[in-house]
Amino acid sequence: MSEPSYDHAVDRSHMQVSDEIAIQISQMNKWYGQFHVLRDINLTVHRGERIVIAGPSGSGKSTMIRCINRLEEHQSGKIIVDGIELTSDLKNIDKVRSEVGMVFQHFNLFPHLTILENLTLAPIWVRKVPRREAEETAMYYLEKVKIPEQAQKYPGQLSGGQQQRVAIARSLCMKPKIMLFDEPTSALDPEMIKEVLDTMIQLAEEGMTMLCVTHEMGFAQAVANRVIFMADGQIVEQNNPHDFFHNPQSERTKQFLSQILGH
Amino acid sequence: MSETSFVRTEMLAPKPAPVSQVGAIKWMRENLFSGPLNTALTILGVLATVWLVQAAAPWLLHGVWNANSLSECRAIIAAAHGPEATGACWAVIRVRWNQFLFGFYPVDQYWRLFVTFAGLFLALAPVLFDALPRKLLWGALLYPLVAFWLLWGGPIWGPVAVLAGFVILGLLFTALAPKLGVPVSAGVGLVAAALFWLYAAAPIEAALQSALPFALSEVDSDQFGGFLLALVIGVSAIVLSLPLGILLALGRQSDMLIVKSLSVGVIEFVRGVPLITLLFTASLLLQYFLPPGTSFDLILRVVILVTLFAAAYIAEVIRGGLAALPRGQYEAADALGLDYWQAQRLIIMPQALKISIPGIVSSFIGLFKDTTLVAFVGLFDPLKGISNVVRSDMAWKGTYWEPYIFVAVIFFLFNFSMSRYSMYLERKLKRDHR
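The listed protein sequences derive, respectively, from chains A and B. So for the first sequence, the numbering used here puts the first residue at 207; every next one is plus one. So for the second sequence, the numbering used here puts the first residue at 287; every next one is plus one.
Treat the hints as calculated values from the structure; they're not laboratory data. A few of these clues could be false.
[What the hints assert, rightly or not] When the alpha-carbon atoms are kept at most 25 angstroms apart in a straight line, the in silico SDA-like pairs for lysine to any residue are as follows: (1) A:Lys-381 with B:Asp-625; (2) B:Lys-546 with A:Asp-300; (3) B:Lys-640 with B:Leu-346; (4) B:Lys-670 with B:Leu-346; (5) B:Lys-546 with A:Tyr-238; (6) A:Lys-334 with B:Ser-471; (7) A:Lys-301 with B:Gln-628; (8) B:Lys-421 with A:His-318; (9) B:Lys-546 with B:Gly-558; (10) A:Lys-297 with B:Lys-546; (11) B:Lys-421 with A:Thr-320; (12) A:Lys-301 with B:Gly-558.
[What the hints assert, rightly or not] Under 7 angstroms between C-beta atoms, here's a sample of chain A residues computed to sit facing chain B: (13) Asn-275; (14) Leu-277; (15) Lys-297; (16) Asp-300; (17) Ser-304; (18) His-312; (19) Trp-331; (20) Val-335; (21) Pro-336.
Here a beta-carbon is modelled for each residue, glycine too, at the ideal position from N, C-alpha and C.
Make the full structure from the sequences, and use the hints.
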């Protein structure tokens, strides 16, 4: 198995899973027309957990995390995020969305705004933070993702890795309690993947509750406390990373691991 | 010594490029004479240009500015260039320019038009150029009422009452929007303002006028004409059709059935009928639908229908811009917790409108030229209406080219400026520095 090399050993001192429940999904089902994409999903995420969701493409892993901030609607079952149940009530949806950060495969920065404006927009308009304060927070997070010098540029002037780090900083500016990552490194050149993963590891080290859809198994081993394997719209197996990778139980998981790990 | 090893002992100095590869000669070779077909086309083009200049130049060069009738023009040209010579009779423009520009507006009130026109530039400047202080935008918002009062005259309290209605709308909206959301509070504000205009405005206006009489002499809509009319209709419809077009485009994408079907219905109906149909509706039919006794100014009716017409086209242009935005932009806005109107205003519209600039400005230019169609409902547009009026004077009977050229040049100046401005705006908003 290929082991990733990171600049530093991952510091697990702040990665503590509390008893408090961050996300509770019970008996959740979703259909696209007649196609049953998510089947009886049950998942409880505690505060401080770092969960990696893996699985073949089309297995419903992106759809599942997109249900958590209601970018996708579920048709039956319950999703409770930070104590708020997701229903068609728009007020609740906006409330959940402002507490849950999301990072997309294709970054989705706003190309007509500068990096700084991308970061301050939601705090100013959703949280009603004064502009000065929002800019200070934005600069703090830009320092954190190590690109403060790009603040006045536009997204089109940045590399893919830099754009994705800006996207992470943009989410963090809303001071979210939970972060969702939807294949954050899949659209990046290999040499840029590491800079984004380093940022995510840093976030994990600070105790952020994270759900990551990713194919970066090295990241899963280094950071995750739980790996979930999905196939055909259902959760097939979940375990701690060590047992998941070294002692997979189901045939689907074994097959998947042998394919992506390659040797 | 090995074949693959080489060391330069002397560096080469730069040499000038061959003469045939630089400057005008290179340009001509590449663009005019690059092959037999291009060479033939170039020669044909030169011949056509020469012929056109030969045909038009004498007419333009023999132009007469000082004369009091077409026959006087002809006599002067014949005396100067021989009996067979042709020439333009620009004198018609010199004598009747004021009608081309202002229609039948009372001459002693022309100052009002100059003030209004100068004000138009002052009001547009902060809208068009964001380097100017943003506070000037408040002046731009007041301008329509000031312009209305200056152009049509009457007591100043009319526009003031209209303004008061808007203030009521604005105050209610800002007070209620955080609690009730944008659509509901806008609706409440509109209803309150409409009630104020219907029932409270007239008595307040009358009371104020009797207490503080302050009025300009009234000018009737019949007296408007020429470019004054074209600009009043064109500028009002341009300013009103953009927001209406945006709302129609959003309505068409809405999930709400009634909003969606209404928007689609309006867009498809208005685009499906000729503008002249709508103008006839404005001049004839609209009166039947209004309560008896209400008289609705013809120019106002025309402005409303021209606005509707342009808005339908602009809505479709903006829909194209919206379709060009990746879904990720909507998702990112949603994921950050922005509500629908915030997402539209801050994320979606700035990008969709930028993409749509060329199409929107094309619609505006088309709209401005279409203002000449008001000739069909008896208004005096500069092209047909005023030209006919001028030619009905025996002194100028037979002047065709000169008025048309004059009107065309002025239209061209306005439209060309719009086109240039849109290109400036596109360059300024360009964000993909690749």
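Against the structure, the hints come out as follows:
1. The suggested pairing of Lys-381 of chain A with Asp-625 of chain B holds, with an alpha-carbon distance near 18 angstroms, which does not exceed 25 angstroms.
2. Of the supplied pair hints, the one linking Lys-546 of chain B and Asp-300 of chain A holds, its CA atoms being roughly 24 angstroms apart against a limit of 25 angstroms.
3. Between Lys-640 of chain B and Leu-346 of chain B, the direct Cα distance comes to roughly 42 angstroms. Violation of the 25 angstroms bound is thereby established for this hinted pair.
4. For a cut-off of 25 angstroms, the pair hint linking Lys-670 of chain B to Leu-346 of chain B stands: about 23 angstroms separates their Cα positions.
5. At most 25 angstroms may separate the alpha-carbon atoms for a hinted pair to count; Lys-546 of chain B and Tyr-238 of chain A meet this at roughly 23 angstroms.
6. Proposed proximity of Lys-334 of chain A and Ser-471 of chain B is supported: the alpha carbons are some 20 angstroms apart, at most 25 angstroms.
7. Taken as a hint, the Lys-301 of chain A and Gln-628 of chain B pair is honoured in the structure, with Cα atoms around 15 angstroms apart against an allowance of 25 angstroms.
8. Our distance criterion of 25 angstroms between C-alpha atoms is met by Lys-421 of chain B and His-318 of chain A, whose separation comes to about 24 angstroms.
9. At roughly 18 angstroms between alpha-carbon atoms, Lys-546 of chain B and Gly-558 of chain B fall within 25 angstroms of each other, so this suggested pair holds.
10. At most 25 angstroms may separate the alpha-carbon atoms for a hinted pair to count; Lys-297 of chain A and Lys-546 of chain B meet this at roughly 23 angstroms.
11. For the given pair, Lys-421 of chain B sits about 24 angstroms from Thr-320 of chain A by alpha-carbon distance, which is consistent with the 25 angstroms threshold.
12. Distance check on the hinted pair: Lys-301 of chain A and Gly-558 of chain B sit about 44 angstroms apart at the alpha-carbon level, beyond 25 angstroms; violated.
13. A hinted interface residue such as Asn-275 of chain A counts as satisfied when its beta carbon comes closer than 7 angstroms to some beta carbon of chain B; here the least separation is about 6 angstroms, so the hint holds.
14. Annotation: interface hint on Leu-277 of chain A holds; nearest CB of chain B at approximately 6 angstroms, less than 7 angstroms.
15. Interface restraint check for Lys-297 of chain A: the shortest CB-CB distance to chain B comes to about 10 angstroms, outside 7 angstroms, so the restraint is violated.
16. Checking Asp-300 of chain A against chain B: minimum C-beta separation of about 5 angstroms stays under 7 angstroms; hint holds.
17. About 3 angstroms separates the beta-carbon of Ser-304 of chain A from the nearest beta-carbon of chain B, less than 7 angstroms, and the hint is met.
18. Below 7 angstroms, beta-carbon pairs count as interface contacts, and His-312 of chain A has one with chain B at about 5 angstroms; its hint therefore holds.
19. A hinted interface residue such as Trp-331 of chain A counts as satisfied when its beta carbon comes closer than 7 angstroms to some beta carbon of chain B; here the least separation is about 5 angstroms, so the hint holds.
20. Given hint, Val-335 of chain A at the interface with chain B, is violated; its Cβ is 13 angstroms from that chain's nearest Cβ, farther than 7 angstroms.
21. Proximity of Pro-336 of chain A to chain B is violated relative to the hint, the smallest CB-CB distance being about 17 angstroms (cut-off 7 angstroms).
Of the numbered hints given earlier, the model fails hints 3, 12, 15, 20 and 21; all others are met.
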